[in-house]
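Note that the protein sequences, when read in sequence, are chains P and W.
In terms of this note's numbering, the numbers along the first sequence are unbroken and rise by one, the last being 225.
In terms of this note's numbering, the numbers along the second sequence are unbroken and rise by one, the last being 356.
Since the hints were made in silico from the structure, they are not lab data.
Heads up, some of the hints might be wrong.
Stated by the list, open to error - A short, non-exhaustive set of chain W residues, derived as facing chain P with CB atoms under 7 Å: (1) Trp255; (2) Met262; (3) Trp274; (4) Arg327; (5) Ala334.
Stated by the list, open to error - Each computed DSSO-like pair below joins lysine-lysine, with the alpha-carbon atoms no more than 27 Å apart: (6) Lys328(W) - Lys338(W); (7) Lys147(P) - Lys161(P); (8) Lys293(W) - Lys147(P); (9) Lys37(P) - Lys328(W).
Backbone N, C-alpha and C define an ideal beta-carbon position, used for all residues, glycine too.
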Amino acid sequence: MSEHDHHHHDHDHDDDHSHLSETELRVRALESILVGKGYVDPEALEAILQTYEEKVGPRNGARVVARAWSDPQFMEWLQRDSTAAIASMDYTGRQGEHIVALFNTPEVHNVVVCTLCSCYPWPVLGLPPAWYKSAAYRSRIVIEPRKVLAEFGLTLPDETKVRVWDSTSEMRYIVIPMRPAGTERWSVEQLEELVIRDSMIGVRLANSPEATESTITNWSTSNAR
Amino acid sequence: MPGRDCKAAGAGIEPVIWDNEGQVAFGEPWQAQIFSMTVALHEAGLFGWSTWAEVFSGRRRASSVEGKPDTSQTYYEDWLDALETLTASLDLAPQAEQARYRKAWRDAAERTKHGHPIELQPADFHGRLHP
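Produce the complete structure using the sequences and hints provided.
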């Protein structure tokens, strides 16, 4: 129970004993009860964190998308049975949920939300970004999707329909963005680099080859400062 | 307040900067702890994920109606509230026990010198009486 010894405060106290905030007390209390009764195993807790902090993330989803762009058979499978096609790449839901792929086209643009809490396709995207969990996103993307998308820098043509999908604990969604133009000869690995997380939630497009280059330029500029 | 549901509460909020907060999944260690505890309890078969989602989303809704700040901090506070509620209602961590352990951890912190690991000892359960 003492592995997290960084909970004390660093600032000066009149006394020199340790201090735990009310929240830390509550969390420690829960953990020691649950571990004490054998409901959770400290090693399993570490393993779960390691998985979500290091192994599972939007790179998984990017691999799914890049493969779908490059392999027509896989694309067909993904359209027919997303959960199975994604599971074939070893990305399966720990909560036993289905993962449904939504395909963006010039006619329809798909966006994902969880209006109730923060259901999210963990196996392919990792843990959700803070804004996905915010009440503002959860309510506004349903009421005024185009406006919210514009705030993300995505302005869609008027003729493109926007479809908002509400996730549940049983049903999670991943958006398959449109393949950017000018990438016909690109390898799967190169394509993966274009698939940013937000494009798989549907609030941005996949990067274009030019955008990727300018990102690289920006990086080197900022690094040079 | 009539008509002030989740949607209405969210709609009044200032435009958000939809920024990438980087690759940090958790702002503070306790957030990671409650996340992993929840997943572990679920994986041990102690509750279904839809049960969790129901309790958690209820807490999220309440917090939106109460006008709490729309932040990650509130999100994880709601998560903690939900986890305490659910583990208590399933008798995995009854409320009275949670209170007893909180007090024990407070006592443990008080007798631990700054910079030393805080550990729970049997004596921490026999300190001051409940107020």
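To see whether the hints hold, each was checked on the structure:
At a threshold of 7 Å, the smallest CB-CB gap from Trp255(W) to chain P is about 4 Å, leaving the interface hint in force. Using the Cβ-Cβ criterion of 7 Å, the hint placing Met262(W) at the interface with chain P is satisfied: the shortest such distance is roughly 6 Å. For Trp274(W), the suggested interface contact is upheld, since its CB lies about 4 Å from the closest CB of chain P, less than 7 Å. Nearest Cβ of chain P to the Cβ of Arg327(W): about 4 Å, under the 7 Å cut. The hint holds.
A distance limit of 7 Å between C-beta atoms decides the matter here; for Ala334(W) the minimum to chain P is near 4 Å, and the interface restraint holds. Under the criterion of a C-alpha separation no larger than 27 Å, the hint pairing Lys328(W) with Lys338(W) is consistent with the structure, at around 18 Å. Our distance criterion of 27 Å between C-alpha atoms is met by Lys147(P) and Lys161(P), whose separation comes to about 14 Å. The hinted pair formed by Lys293(W) and Lys147(P) meets the criterion: a straight-line CA distance of about 24 Å does not exceed 27 Å.
In summary, the hint linking Lys37(P) to Lys328(W) is supported, as the alpha carbons are separated by about 18 Å, within the 27 Å threshold.
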